[in-house]
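Visitor: The listed protein sequences derive, respectively, from chains A and B. Numbering follows this note's numbering, with no gaps: position 21 of the first sequence is 21. Numbering follows this note's numbering, with no gaps: position 86 of the second sequence is 86.
Where hints are given, some of them may not hold.
[Stated by the list, open to error] Capping the alpha-carbon separation at 30 Å, the derived lysine-lysine pairs in DSBU-like fashion look like this:
1) B:K2 with A:K41
2) A:K41 with B:K56
3) A:K41 with B:K42
4) B:K56 with B:K67
5) B:K97 with A:K66
6) B:K2 with A:K64
7) B:K97 with A:K64
8) A:K55 with A:K66
9) A:K55 with B:K67
10) B:K97 with A:K20
11) A:K20 with A:K64
12) B:K56 with B:K2
13) B:K97 with A:K41
14) B:K67 with A:K14
15) B:K2 with B:K67
16) B:K42 with A:K64
Don't read these hints as lab results, they were simulated from the structure. All values reported here derive from a predicted model rather than from experimental measurement.
These are the residues of each chain, in order.
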Amino acid sequence: GAVVSQHPSRVICKSGTSVKIECRSLDFQATTMFWYRQFPKQSLMLMATSNEGSKATYEQGVEKDKFLINHASLTLSTLTVTSAHPEDSSFYICSARASGGTNEQFFGPGTRLTVL
Amino acid sequence: QKEVEQNSGPLSVPEGAIASLNCTYSDRGSQSFFWYRQYSGKSPELIMSIYSNGDKEDGRFTAQLNKASQYVSLLIRDSQPSDSATYLCAVRVGPGKLIFGQGTTLQVKP
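So that you can see chain A by itself, here it is in the shape it has in the complex:
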């Protein structure tokens, strides 16, 4: 149990386009999902905390108008990178925290974004 999926796993896009990444909890309900970004040879940096039915909370330095987060249901959160630029190329990873009880986070497999 506790499986989190991400789609797509890999995306290449042109500079200036927008890219949407989906994060789904497959076998549990997640009131909270987290979005991380990881540049090569660096650790995971928390971008934002996404709560179902409310606005996401962004970490300092993360532009909320550029990284749009929608957590419309208890099993789905989406991250849209708007007007992507080469410096946005990174590994984006989501995690989900199950509703009620354990604080354990379950990580998705990640999405590799390359902006040309």
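Keeping the supplied structure of chain A fixed, place chain B upon it in accordance with the hints.
Guide: What follows is chain B alone, placed relative to chain A:
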């Protein structure tokens, strides 16, 4: 700003040896600590969690926590080449919210 510090390595050990990975954290109020393993190009997977001072053992892995020194470590006994990966230390700083260290790359040589 809350921080988690790890030596980036690489830490190289021969097969069968004990690998010792260390982590320090800045928030004295932190109560929950985690070790994740991350293979190249993959997302992290949880190895151990520890909440109380002392040692916690799970198979070949032992996590050690010293809250007074703000120090947490991971020992891997009988290291195998398949243990070669980056090990991330994480500290919970809010409801479900984790701060990660930069990770230590472990290389286990056959």
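Visitor: For each hint, tell me whether it holds in the structure or not.
Guide: Hints and how they fare:
1. B:K2 with A:K41: Answer holds: B:K2 to A:K41 is near 21 Å, not above 30 Å.
2. A:K41 with B:K56: holds (29 Å)
3. A:K41 with B:K42: Holds - the C-alpha atoms of B:K42 and A:K41 are around 13 Å apart, at most 30 Å.
4. B:K56 with B:K67: holds (14 Å)
5. B:K97 with A:K66: holds (22 Å)
6. B:K2 with A:K64: holds (22 Å)
7. B:K97 with A:K64: Cα-Cα ~18 Å, so holds.
8. A:K55 with A:K66: holds (14 Å)
9. A:K55 with B:K67: The hint is violated at about 35 Å.
10. B:K97 with A:K20: holds (23 Å)
11. A:K20 with A:K64: holds (14 Å)
12. B:K56 with B:K2: Judged against 30 Å, a Cα distance of about 25 Å means the pair holds.
13. B:K97 with A:K41: This hinted pair holds, its Cα atoms lying about 22 Å apart.
14. B:K67 with A:K14: Violated. B:K67 to A:K14 sits at ~48 Å, over the 30 Å cutoff.
15. B:K2 with B:K67: Satisfied, since the Cα-Cα distance of roughly 15 Å is no more than 30 Å.
16. B:K42 with A:K64: holds (26 Å)
Hint violations for this structure: numbers 9, 14, all remaining hints satisfied.
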